[in-house]
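So the sequence lines, in the order shown, correspond to chains A and B. The opening residue of the first sequence carries number 0 in numbering that gives the first Met the number 0; numbering runs sequentially from there. The opening residue of the second sequence carries number 0 in numbering that gives the first Met the number 0; numbering runs sequentially from there.
Just so you know, not all the hints are guaranteed correct.
Each computed DSS-like pair below joins lysine-lysine, with the alpha-carbon atoms no more than 27 Å apart [as the list claims (entries may be wrong)]:
1. A/240 - B/321
2. B/479 - B/424
3. A/233 - B/479
No wet-lab data here; the hints were simulated from the structure.
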Amino acid sequence: MSPPQGSAPGSLRMSSGERIDPKRRKEILLRIAKYIFRYKWVFFSVVLLTLLSDGVSIVGPALAGKAIDAMGIVKGQVDFKAVYHYAGLMVAFYVAYSVLKYVSKVIMIALSRNIVFNLRQDIFNRLCELPVSFFDRHPTGDIISRITYDTDTINQSLSQDLVSVLAMLTTIVGSFVMMLRISPRMVLIFVFTVPLSMLLSRFITHRTQPLFRKRSALLGTLNAYIDEMVTGQKTIKAYAKEKDVVREFESENDKVVEAYYKADYYGMMMGPCVGFVNNLSLTLVSLMGAFMYMSGGISIGDISSFVLYSRKFSGPINEIANLYGELMSALAAAERVFGLMDEIPEKPDAADAGVLSDVSGDVEVRHVDFGYLPGKTILKDFSLDAPRGSLIAIVGPTGAGKTTLINMLMRFYDIDRGEITVDGKDIYKLTRESVRGAYSMVLQDTWLFYGTIAENIAYAKPDATREEIERAARAAKIDDYIRSLPEGYDTVITDDAANISKGQKQLLTIARAMLLDANMLILDEATSNVDTRTEVKIQQAMRELMKNKTCFVVAHRLSTISHADKILVIDDGKVVESGTHRELMEKRGFYRRLYDAQFE
Amino acid sequence: MKLVTRYLKPYTLRALGGIVLKFFGSIMELFLPYLLAYIIDKIIPKNDARSIYIFCGLMLVCSALSVTLNIIGNRVASAVARDVTRDMRNDLFEKTVYLSNSQIDKWTIPSLISRMTSDTHYVYRTVGWSLRMGVRGPILILGGIVMTFALDRTLCLVLCCMLPVMALIIILISKKGLPFFTKLQRSVDEMVRVIRENASGVRVIKALSRVDAEKERFDGVNKQVRADENRANMTVAITQPASSLILNMGLVLVIVVGASRVNAGLSEAGAIVAFLSYFTIILNAMIAISRLITMLSQMLASAGRIDEVLQDPIPQKPEPDKGESPGFAVEFRNVSFSYNKKRDDLHNISFSLKKGESLGILGPTGAGKSTLAALMLRFYDADAGEIYVDGKNVLSYDMPALRSRFGVVFQNDMVFDMTAEKNIKLWRDIDPISLDTAITTAQADFIREGGIGQAIASHGANISGGQKQRLLIARALAGKPDILILDDSSSALDYKTDAALRADIKKYFDGTTTVVIAQRVSSIKSCDKILVLENGEERGFGTHDELMKQSELYAEIARLQMGEGESL
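Sequences and hints are given; from them, build the entire structure.
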């Protein structure tokens with residue numbers, strides 16, 4: 000029995016639909032900045048290049064203005080020499096601009112991919128350190144969505160928007176300086192319009208931020224739903240419920256696209272609104288320019304340059320405003336990414352944690368209490384003693400705590416009270432890896448991955464030779480089957496592994512365990528779908544293999560465990576009986592009743 | 000591209016409406032420099048303050064109209080993108096649900112998932128952007144050209160010369176980028192696979208201390224994704240610098256040509272100033288368009304991936320009049336089947352079951368037991384022989400009509416992330432009494448204890464293996480099926496519970512034809528008929544007592560399990 004879902008309110012289950020509080024937002028931005036800062040020299044060189052390219056492009060209109068001034072407003076007075084001179088300069092500057100632009104773009108792309116690469120790497124590494132309980136509680140689809148979609152959104156923002164914004168900032172500052180040089184008085188207009196833009200964007204941000212958060216969260220949910228339904232498609236087909244699933248999906252999908260729309264609905268106001276303010280400034284510039292010209296304060300060439308710069312000044316602001324939606328989604332995505340990274344990993348091993356080595360296999364469990372949920376104890380004052388080389392069978396009704404005991408031995412969950420020792424050493428004073436490594440484990444729920452049969456068998460021992468693999472397969476009685484396949488050991492197991500029966504999958508995982516040279520073995524319903532004859536044959540091989548090794552076997556088919564050195568009968572988290580098969584049969588207690596039930 | 004246009008079609012009117020709105024919004028913006036030029040050239044020299052006010056007022060009106068039209072246009076664009084994405088994603092999901100097992104194997108699950116999520120997302124993003132910015136961009140460019148044409152035809156022609164060159168470059172670049180983006184999405188599929196496998200195999204990975212190896216594996220796919228991203232994006236990144244360069248060269252040409260024309264008195268300097276303004280607008284529009292090109296390449300790659308799946312034909316259509324064979328609930332007649340079409344997984348199987356009878360199937364691992372069940376449900380079609388359900392050939396059934404007769408629990412059946420109740424009901428209309436009977440029969444009292452509304456985690460991660468099996472059995476029973484198939488679905492139950500389950504099925508589901516596949520003899524020995532399979536062939540058919548005498552295989556298995564265990 001594993002823990003109920005959603006029991007621990009992890010930070011992943013954030014309440015969507017609220018605004019990110021400013022402190023959190025600052026933290027998120029800071030953390031992204033840290034990732035960027037790992038490449039600070041590259042980053043600064045991109046900034047420099049961008050500055051340079053935009054500095055170069057800023058000169059363009061100035062040269063054009065000069066060229067126009069050289070034309071004058073009267074016919075036949077054009078100073079061709081000057082015009083050509085400026086035109087030549089413009090060509091040079093524009094070529095330089097495009098080259099610089101491309102170089103800076105390429106570097107920025109490489110930089111942003113590296114940053115996102117690191118982000119993904121860090122999330123995945125964190126994922127690897129998370130306790131088993133995390134995966135019991137969180138849908139895979141949502142995790143996938145965070146590592147792929149959310150990082151990709153950040154990626155988009157970094158590579159496209161950050162460089163755009165940076166480029167624009169320099170253009171904005173540059174244009175502003177140029178305008179200031181032409182006419183400080185006209186610049187006063189912006190004292191009025193710039194704060195207006197800021198006010199507007201503040202207002203819109205306030206409204207849209209929760210919408211973007213909701214959008215990301217819902218997309219994660221949809222991903223989880225898809226993952227779930229595609230995995231269970233066989234069941235859906237068997238019940239001919241395709242139509243209903245599709246209908247349910249449609250309503251889930253509706254929610255997602257509606258959230259998209261809602262976020263866009265307000266988010267996309269930003270562009271036009273800021274555009275309006277900019278047009279307002281343009282109008283004011285013309286108005287003021289006209290009056291200043293009439294009073295002789297400015298030349299026509301200057302007005303036109305000023306207008307050009309003011310457009311250069313406002314164009315990027317418009318662009319940034321149009322990118323606004325992307326930036327908001329990136330922020331929401333970053334929050335989800337860091338939310339996953341902030342999940343609490345398995346407690347690190349104590350600094351003085353010993354390494355379990357040369358295991359002989361004395362396992363003792365003393366007075367252990369454990370529950371997945373506080374207040375709901377599964378194991379109560381549980382004790383067992385497994386001397387080295389013994390075969391301990393664990394039986395009992397479903398939900399009695401058998402799998403929970405395995406979870407304790409493997410340290411997938413930490414006990415609440417009591418002590419578990421291996422060779423007399425407290426397993427909580429040993430490194431997790433060495434404790435887990437001391438066992439070979441085969442679970443009822445077989446896990447195979449997309450790869451060849453040989454790769455799957457050799458998973459725990461990648462350097463195994465083909466001969467070793469085949470030997471393990473023979474011991475697990477799956478060799479004949481593998482050989483009957485057209486591709487033999489190189490047959491690829493697909494995601495669904497639809498053409499391999501569950502019994503065969505179990506045999507493959509047993510072969511995998513047989514390849515491992517661990518001193519203790521855990522078989523949790525490992526052969527439940529394997530036929531009895533094969534099982535008997537495997538057990539012979541297994542016993543050969545397990546000579547002098549400690550072995551824990553959970554099984555419902557009692558014939559599987561009747562030869563065990565000790566059978567522990569568990570009910571309701573406690574050992575109610577123990578002994579050999581014969582002893583327990585003679586005792587005519589709980590075990591006997593379980594056993595006799597098969598003849599009813 | 001065809002795919003996207005197909006999905007856009009129902010919303011053509013709205014999309015056009017949005018375009019029109021954006022069009023007029025952009026036109027309003029284009030008027031601004033025109034008005035400005037007019038002020039500079041015509042009004043300022045006149046020193047006419049009143050006209051200045053009027054024209055500035057006009058500019059203000061244009062700005063206000065532009066903001067309104069643009070906001071509404073943006074919203075319409077987003078709505079269209081929403082609807083297109085919704086339809087496409089729905090269709091893709093629907094298609095996926097109907098794909099056969101071998102088709103799913105072909106596409107692979109991670110890839111199907113990423114097609115439904117990230118690929119559709121790219122379509123959404125691009126459609127939205129195209130309608131918002133993509134429309135505005137070309138309109139600004141086109142409008143800019145029209146306005147410059149009004150200002151000065153010759154200079155405008157100079158500008159227009161640059162456009163074909165630019166178009167060519169854009170087309171070439173996006174063509175080149177497309178395969179790179181397709182490759183990228185394939186790498187993302189691979190990444191999805193690694194994440195999924197790690198989530199589902201966390202216990203095994205940790206137990207075998209393979210965490211570092213998994214990190215390395217992820218590092219590999221992550222690096223691949225990065226390399227593909229770089230190649231794709233760097234390819235399309237050239238769009239903006241290249242088109243800027245061409246446009247800027249046009250500008251220089253305009254100035255050079257303009258100078259001669261001003262000299263000849265054919266143009267005015269003011270016109271050239273306005274010309275430059277339009278030029279800046281066009282240039283800015285180009286930046287937006289070049290971004291769109293990036294998106295477009297990516298979207299085309301994604302649309303291709305979506306379309307691939309949508310175009311995959313669903314086989315298996317009902318074939319009417321395949322003959323009838325009345326009298327039996329289930330009948331197999333000389334059925335053979337092979338997965339790889341090389342070696343038979345089932346060979347020449349015949350048996351028949353009357354309504355209400357029970358059949359037990361026993362046999363070694365890989366004997367073809369589950370395959371037999373899969374054929375009844377038409378997950379696959381037999382290569383030879385006929386299968387009849389209720390006297391009708393399964394090929395003649397409408398698929399839902401066939402499958403809704405069954406209640407089935409598979410070996411690796413799925414428990415969904417839903418409440419216990421919904422997991423049992425599974426979108427069916429189940430009355431409370433049937434639900435209750437199903438839970439009772441399945442011995443699933445834990446559901447009542449925890450409440451019918453208790454949340455069950457995906458794959459049943461929060462319940463024990465035995466509880467999961469009982470929940471699944473309750474699901475199979477709740478629909479009062481004509482035929483119940485239990486494929487090794489009581490292996491995690493103790494004998495007592497298993498016996499109670501059998502007794503209750505007999506008690507409450509008397510008229511139900513039952514097929515039980517099991518490894519435990521005790522689970523099937525009371526069945527009316529037992530089929531013993533080995534290597535896809537029949538090794539005995541009869542009752543427990545008959546088989547104990549007739550089938551060596553059966554007798555041996557029974558002895559191994561039910562003899563006191565001393566034989567071990």
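Item to check | Straight-line alpha-carbon gap residue 233 of chain A to residue 479 of chain B, limit 27 Å | outcome: Roughly 20 Å between the alpha carbons, so the hint for residue 233 of chain A and residue 479 of chain B holds.
Checklist entry - For the pair supplied as a hint, residue 479 of chain B and residue 424 of chain B, is the alpha-carbon distance within the 27 Å limit? => result holds, 11 Å
Checklist entry - Can the restraint linking residue 240 of chain A and residue 321 of chain B be considered satisfied, given a maximum Cα separation of 27 Å? => result OK: residue 240 of chain A and residue 321 of chain B at ~25 Å, within 27 Å.
Checked against the numbered hints above, the structure violates none of them.
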